[in-house]
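Input sequences plus hints: build the corresponding full structure.
So the protein lines, in turn, are chains A and B. If you're matching positions, the first sequence starts at 1 in full-length UniProt numbering and goes up one per residue. If you're matching positions, the second sequence starts at 1 in full-length UniProt numbering and goes up one per residue.
Treat the hints with care, since some could be wrong.
As the list claims (entries may be wrong) - FRET-style restraints, in silico, Cβ to Cβ:
#: 1; chain 1: A; residue 1: Gly267; chain 2: B; residue 2: Ser576; range: 53 to 59 Å
#: 2; chain 1: B; residue 1: Ala551; chain 2: A; residue 2: Leu333; range: 55 to 61 Å
#: 3; chain 1: A; residue 1: Thr320; chain 2: B; residue 2: Ala551; range: 22 to 28 Å
#: 4; chain 1: B; residue 1: Glu77; chain 2: A; residue 2: Leu333; range: 22 to 28 Å
Claimed, not checked - Residues of chain B placed beyond 12 Å of chain A at every Cβ, according to the derived structure:
#: 5; residue: Asp75
#: 6; residue: Glu441
#: 7; residue: Lys483
#: 8; residue: Cys505
#: 9; residue: Pro535
#: 10; residue: Asp561
Since the hints were derived computationally from the structure, they do not count as laboratory data. Glycine included, every Cβ here is placed at the ideal spot set by N, Cα and C.
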Amino acid sequence: MTYVRPTFRHPDLPKNKINFTKKDYEGALSTLCAGCGHDSISGAIAQACFELSVEPHRIAKLSGIGCSSKTPAYFLGNSHGFNSVHGRMPSVATGAYLANRDLVYFGVSGDGDSASIGMGQFVHAIRRNLNMVYVVMNNGCYGLTKGQDSATADNGSKSKAGSTNLFNAIDLVGLGLELGATFVARSFSGDKTQLIPLIKAAISHPGFALIDVISPCVTFNNNVGSTKSYDYVREHIEATSTVDFVPVMEEITASYDDAKEVTLHDGSALHLQKLHQGWNPEDKLSAMNAIQNSKEKGEILTGLIYIEPNTNALHDVLQTTKTPLNTLKEDLLCPGVDALEALNQSLR
Amino acid sequence: MEPTNVHDPEYYHKVVDCQYACPAHTPVPEYIRLIAAEKYTEAYMVNWESNVFPGVLGRTCDRPCEPACRRGRVDEEPVAICRLKRVAADNKGDITHLLPKIPSKGNGKRIALIGAGPASLTVARDLAPLGYEIHVFDEQIKGGGMMRSQIPSFRLPESVLDEEVNNILNLGIHQHFKTYVSSLKSVLDDGYDAVFIGTGAPRGRDLTNLPGRAEGGANIHVGIEWLASVAFEHTKSIGKKVIVLGGGNTAMDCCRTSRRLGGEDVKVVVRSPYSEMKASPWEKEDAQHEDIPILDNHVPVSFVAENGKLKGMMFEKVHAVYDEKGKRSLVPTGEPHVFIEADDVLVAIGQENYFPWIERDLGIEFDKWDMPNVDSTTFQSTNPKVFFGGDAALGPKNVITAVAQGHSAAVSIDLYCQGKPLDVRPDPFTNLVSQKMGIHEWSYDSIVTNDDRFVVPQAEKALTLKDRKKEVELGFDKLVGFKEAERCLNCDVQTVFTENRCIECDACMDICPTDCITFTVNGTEEDLRTRLKAPSLHLNQDLLVSDTLAATGRVMVKDEDVCLHCGLCAERCPTSAWDMQKFFYNTTKAHHGCGSH
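As structure tokens, this is what we get:
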């Protein structure tokens, strides 16, 4: 009653710029249900980090509790990780980010972890504009406790047991826009061609990047009548645009008629072929309109929703030193009696 | 691409690389699993059914399966398939009750087999259980053909050969040993319903025109004749200094046999570069292990003899030059000729067919190389009553090819004797069964082990060089045999995909350790191969392409090349769109009864 992933890999796996193969970005074998959308998102995160040639030791994965929050065990096995208390991942992320601004932070959360027990933390992480990627693996139910409706379940969505949800859903994307998140996107676990470039853009983004990923719970919320099933999402999905992530120093080769280009802070770029009328990713009002319009039409709008490319993250707001605080040595932190005296004098 | 037609049995057959590469299509993974389960007798019988001589082939096969083995494409070395076959043979129990029963009443048809080598014995094995009266003719005192006369006892003990030859001869075969057939016409005149010719390639090539050949003649021997003479104990010694000419497996057998008959300074001298020698790599290694140097790039110039006594040979040094088409020519280096001393020279530079005993007015057409025109599927000659097989049919190959041709010829003879057309071949037997037992449970060992290929232990050199009958290889013991068996990837357990169950969750694509699976929009094969998740390395390895998937209009494409058959795709599939199903393929054989078709 056990199963094991073989150690053999494809003999000619491509290498990225730092000479790593995808194997170097793998984690342990998933224990989630077969077909879980979360596994697909894990795969997309690993693939995005591989393609961006991020060194695994420069990544920290932070999570709370839930099926979603287990996933950091299943990708980036060579990276740092902290599996914290339910809904408290943003606090840990804040602390980690303050101590070391040089790492790439992945907050991995679920709809329960972010929209219910952790809502108070979630909103403050956005408000403070932590430089992190905040991935919500959103399946609209509590899969770990047999599929009760969660706060993101749509009004009218049917559970596997047959009951209909009577409450309105919290829309994390709308909430993120309202609270001033500087990168807001929605995607679908079953659409890696969209999800991977979004994750890459989110990593490159210098502030808080929220990606709400609809991730069907194959065991408890993949039934007819559910609005988070594979079939329902595929039937109702719409995209703001196609997304091409163009790394720094690489020439843009594709060209489209209705194309929009967003240059990111680090020099990389997003090449977007617009599919949605009247939408401009750098105009929050148009983004909010797009979201509301789709909602009224019963569509699920995915893709990049909003971006503010040149944003000031928490460290910039606080004007802390560029050197990660955790590397400051005693002589700098404790400059001695004379320095203290000089400081006191300057304040008299 | 069109969806792959998995209902064509050849599709899944090709995925089982070893079985597909085996001329007799032995179900290799099937018997390897039986070995792992300590069911040696059953493993032996799976072999016996397909290749007739598991004990012989487990020691001497040319192993076309091993270079084909998928493990060799992901690991350093392939599974030691050949030596596992020997494990089955060494450890089997009594098989007499498992051998076919001969009907008490014959079918009234008489078949003559000329030559008692592997091809003829295979025909005998396949036809005797159907009630045919089989008469086998051979000039030697016992059956086995070249397996007895050319393969030395230190590689193949006589007891092993005797057992497997007798298993066939005991099926009521009429034996005519010590009977040289000097006229095919007389055989045909005896009224046989069909005649099968399995006389091998009995004539060794010689260097008749090389200067000194006549004067040194007493000490110059043709390799295969000399090996036969040793095997039948007419020759019991050789000089201290021996030159073996040639780079094939016969040369390796000659030099190693020489070491056992008194040769102290034995050298193999070959025209081609070392890397291009025809001998199997392991046979070259075994020769070198017995202190036999291999001198490559030496072309014989002359035999040197004084007063009618051989002194040695003169060679010209060459190097290989290749033209733009890759054709090789050996160009002299210009260095002075090399003289190598020798008391005896063994010429092992190839062997040929020889049909002086076949009258040319019997309706059997011969081509310009004096080879009979034989159909490569039916093995029938232009005289419909006369069939060929083994080295006699299409030129010298190896034992396993002779067996495969024997099976085909037996099918043809059976069809012919029933008055049925030969080109309508009976289908192979195939079966495809799910291996799922429960959650995370499969009825095969799906876990891929990391062991390197195990080395077969050998007996002490000091002992084996003293006794030409002492077997050098000791074979795997049961434990090592088990471990080596566990290296098998079970390629016959197929990844079967059912598109209408797939919900496109990507789980299989994410979990696949070797990135075999891609979901993408359809295209031509050439185009698809550029868009796979991992590079497509071998174009001869098929792509499994699904029908268009309902949800997204994409297709599932699986590159069969480096699939580990670990079953993780099926484990992670929530809807059982993937399943691991064992494919059993048993190539057509006469004794299954062509009559039922």
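The hints, checked one at a time:
The hinted window of 53 to 59 Å between A/Gly267 and B/Ser576 is violated, with their beta carbons roughly 47 Å apart. Between B/Ala551 and A/Leu333 the CB atoms are about 57 Å apart, so this pair conforms to the stated range of 55 to 61 Å. About 48 Å separates the C-beta atoms of A/Thr320 and B/Ala551, a value inconsistent with the hinted range of 22 to 28 Å. In this structure the supplied range 22 to 28 Å is violated for B/Glu77 paired with A/Leu333, their Cβ-Cβ distance being about 58 Å.
With a cut of 12 Å on Cβ distances, B/Asp75 falls inside the contact zone with chain A, its closest approach being about 7 Å. Not every beta carbon of chain A lies more than 12 Å from that of B/Glu441, the smallest distance being close to 7 Å; the non-interface claim is violated. Every CB of chain A is more than 12 Å from the CB of B/Lys483 (nearest about 16 Å), matching its label as outside the interface. With a least beta-carbon separation of about 4 Å from chain A, B/Cys505 fails to lie farther than 12 Å from that chain, contradicting its non-interface assignment.
In this structure B/Pro535 is not separated from chain A by more than 12 Å, as the shortest Cβ-Cβ distance comes to only about 5 Å. For B/Asp561, the shortest C-beta to C-beta distance to chain A comes to about 9 Å, within the 12 Å cut-off, and the non-interface label is violated.
Hint violations for this structure: numbers 1, 3, 4, 5, 6, 8, 9 and 10, all remaining hints satisfied.
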